[in-house]
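Read off the chains here:
There are 2 protein chains.
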Amino acid sequence: MPELRKDPVIGRWVIIATERARRPGVFFDSQKNIFDSGDCSFCHNQDPQILSYPQGDLAHRVKVVQSGTPLLLNDGKFHRKGHGLYDVVNDYGTHEVVIETPDHIANMADLSQDQIRLVFETYAIRYNELAKDPSFQYVIAYKNYGWAAGSRRIGHSRSQIIATSVNPFSAKQKLDGAKKYYNYRERCLYCDMIQQELEAKVRIIAETEHFVAMSPFAPRFVFEIWILPKKHDCDFAKGVVGQEHDLAKMMKIVLTKLKVGLDDPAYNYVIQSAPFRHGNTGTKWKTLADDYHWHIEVSPRLTRVAGFEKGSGFYISSIPPENVAEFLREVQI
Amino acid sequence: MPELRKDPVIGRWVIIATERARRPGVFFDSQKNIFDSGDCSFCHNQDPQILSYPQGDLAHRVKVVQSGTPLLLNDGKFHRKGHGLYDVVNDYGTHEVVIETPDHIANMADLSQDQIRLVFETYAIRYNELAKDPSFQYVIAYKNYGWAAGSRRIGHSRSQIIATSVNPFSAKQKLDGAKKYYNYRERCLYCDMIQQELEAKVRIIAETEHFVAMSPFAPRFVFEIWILPKKHDCDFAKGVVGQEHDLAKMMKIVLTKLKVGLDDPAYNYVIQSAPFRHGNTGTKWKTLADDYHWHIEVSPRLTRVAGFEKGSGFYISSIPPENVAEFLREVQI
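So the sequences go chain by chain: A and B.
Okay, so the first sequence: first residue is 1 according to this note's numbering, each after it adds one.
Okay, so the second sequence: first residue is 1 according to this note's numbering, each after it adds one.
Some hints could be false.
Chain copies aren't distinguished; within one or between two, either way the pair holds.
Said to hold, decoys possible - The calculated lysine-lysine pairs, modelled on DSS-like cross-linking and capped at a C-alpha distance of 30 Å, are: (1) Lys172 with Lys6; (2) Lys132 with Lys172; (3) Lys172 with Lys77; (4) Lys238 with Lys81; (5) Lys230 with Lys6; (6) Lys201 with Lys81; (7) Lys6 with Lys259; (8) Lys230 with Lys180; (9) Lys231 with Lys6; (10) Lys230 with Lys201; (11) Lys81 with Lys172; (12) Lys231 with Lys259; (13) Lys238 with Lys132; (14) Lys6 with Lys180; (15) Lys259 with Lys132; (16) Lys230 with Lys81; (17) Lys238 with Lys201; (18) Lys230 with Lys249; (19) Lys6 with Lys179; (20) Lys201 with Lys6.
Think of the hints as simulated: they come from the structure by calculation, not from any bench.
Could you put the whole structure together from the sequences, leaning on the hints where they help?
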């Protein structure tokens, strides 16, 4: 049974995949890249569906299934336990795969804007559904595209949704930081940042009716991009309502600029949304929180992270974000 | 002029290397790996020496020089400034390279135990020297071995020392976590952990007179190893005095086990020491701090970090640390 363990120093949760326990020799073999050889398991997926969207559409334009190699499973009851000075919880959670198109298309950049919209609408439906489980604290939807981004099978556009019973470390850091700013200024940090960036213009990559794509002022990775909704909301599934079409437009712009400008790089994106704040009734949850602002982080995987950065958390950006934004603004798509 | 920028949300400092600013096209070319072709620049290094150690030994057994591509430079005065809601400091700092041997040997595992001792003694001398600058808050000594660990030139064993005017993010996290534990328990978290691990035995890889090497309970990376001194000290350069010989013995054991057991993998190590706590006199500094415990983190680079992990800070360990420790205990060296 896998378990979640908490680093006793900084409080980061780690999934210890004991189910997948292997001798190191076996582990190394599994690192090899797998290329689809015409027989794509996502084209012909027959797994039980968690969701087919749009509902009633027999074309199965977007399909959600359980991951074949799930990191978390909700086949028990959530419980915490101690182990000397260490903390452990069981593997209560879900791990779903979103098959983004019935067609064998590798990169989301090559999907139609309409199809991309369906994918983000699917995420929102799953967020709202998973929020009903009072044991879940957090849901994260993300994509690994290409080997360097952590994907082993290349060929069919898909993404993943994980629900966890603990609050992931980065989410906690972001929430804490945004809260400190809010407590001091009584304004949302992200709203202020969007205003400052739209005035300065130098780090803006693209702007649509409802969204801004920018290079962050202090990026962790070269070509890191933040896509921020102009309208304040801490919660992705709530905030995106009515803006799905415009978000799909922005995603298509950003992903196509990356593909064209950087020669089809590996990339990740992650939706950063507030954790569920369950009320006393258990299944009720509130999205108060003037202090957090949902957004999407897109990270092409172009560089390796060296010892200094890993050890110090002190990242190095070899291209200033202003140059990155200028370069991407100029990429013709 | 490079500058240091602070992420406005979580407070992570990032070095923006504007001096190295490149058009993206140029940037990609520079990613290629460089193999030494007989003409090793470290074998024949003629750069001005910051330190040659042991002093007076004409064989130059260990040499410290300034980095040819420094990330930080102390050619001005340290200053902070604001930029709307953002924070910036200039690039005040140092970036030194430690050439660990006059011989063309690639992996520190293949140096003699005596030579490894000289390297760690060299680090300690530089820590103590750099601590005299009241603008420096933190010094980090680290090694990138192999391409996947962030090293581009392979062939001659060396490591790096960086001094910074701000407190790196990971150091801050570790200090905060250890302090919380200390405030609650009135004991050092690391001392308690060493005791618990020595009793449980399952995550211990090796033990010497003064040091313990273990797989951490909740590792961030597969095969991550922590080397902890049994004697409490927050400061590496102070704590290691009289234990240099034993530390070299432990490093030789751990690095050789990695080389033999994992087929010469790329790896990083980082010395985690407390930041300088400068007193009022400027150049005086104190190493009080019962709450922090210096140590070394060794990370073989075997896996990629995927989108979920990057986005959530929620890491996945595909081999339980107990299996890792057992495997490494059994590697014959």
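Please list, smallest to largest, the hint numbers that this structure does not respect.
Checked against the structure, the hints that fail are numbers 4 and 15, while the rest are satisfied.
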